[in-house]
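Student: Work out the full structure, taking the sequences as your base and the hints as a guide.
Under our numbering, think of the first position of the sequence shown as -11, with each following residue one higher.
Don't take each hint at face value.
Derived pair list, reagent style DSSO-like, types lysine-lysine, alpha-carbon separation capped at 30 Å [as the list claims (entries may be wrong)]:
id	residue 1	residue 2
1	K100	K123
2	K179	K100
3	K123	K179
Calculated from the structure, these hints are not laboratory results.
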Amino acid sequence: MKSTNVLMVIAVLAVGLAMFNLIITVNKVQDVEKLTGFAVTDTADVNLSVASNLLINFTTDSVDWGTGYVTPGAGNADLYTNGTIVGGSWSAVSSPLVIENAGNENANISLKASNDAAGFIGSASALYQVNVTEKDAGACSGGMVHSNTWNSINTTEFLYCGNLTTASGVDELYVNVHIRIPETGVPIGSKGSIITATAEVV
-11 MKSTNVLMVI
-1 AVLAVGLAMF
9 NLIITVNKVQ
19 DVEKLTGFAV
29 TDTADVNLSV
39 ASNLLINFTT
49 DSVDWGTGYV
59 TPGAGNADLY
69 TNGTIVGGSW
79 SAVSSPLVIE
89 NAGNENANIS
99 LKASNDAAGF
109 IGSASALYQV
119 NVTEKDAGAC
129 SGGMVHSNTW
139 NSINTTEFLY
149 CGNLTTASGV
159 DELYVNVHIR
169 IPETGVPIGS
179 KGSIITATAE
189 VV
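Tutor: Laid out in structure tokens, this is it:
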């Protein structure tokens, strides 16, 4: 009976010692994991697509010389958007039209008008011209056509700027306008024309 009790005590002590040893071992393993930088990783995807946005704006989109007449004896009046009026009583305009490439695609820029000089002014002797220049040097990286010269504008589209860039500070064009109004043979009344700019991706 005594030997059985002794064995029982030894067994309980053995189990207790085993449990204590197990707890110590688990703690040691956790410490080892921390010390060795053990980690689990996974990955995630982040995706997007950039769409083409071909967009041009006339940031200055109106020229209005108001009401006037050709100075008697002048023969013609010439109106320019650089502030010059020759031979007429119209109000000076000192701001050209301005075209901006507001998109994310470089583009060729062409212009046309809703009518020619005769249709606009009402006389075959009239002139309706534009002078397209870079507002920002280097804006037309593909080159200018008829840069800094006066060209008649009509209903036929004509390329003026090759590869107008999208870069801020080099993405704008000036479109100056010149109108010649003969002293005689011009119908009285309001005159109007619409200039359309077309952008084509390079």
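Student: Next step is simple, just say for each hint if it's right about the structure.
Tutor: Results of checking the hints against the structure:
no., hint, verdict
1, K100 with K123, "20 Å, holds"
2, K179 with K100, "17 Å, holds"
3, K123 with K179, "28 Å, holds"
Every hint, counting from the list given before, is met by this structure.
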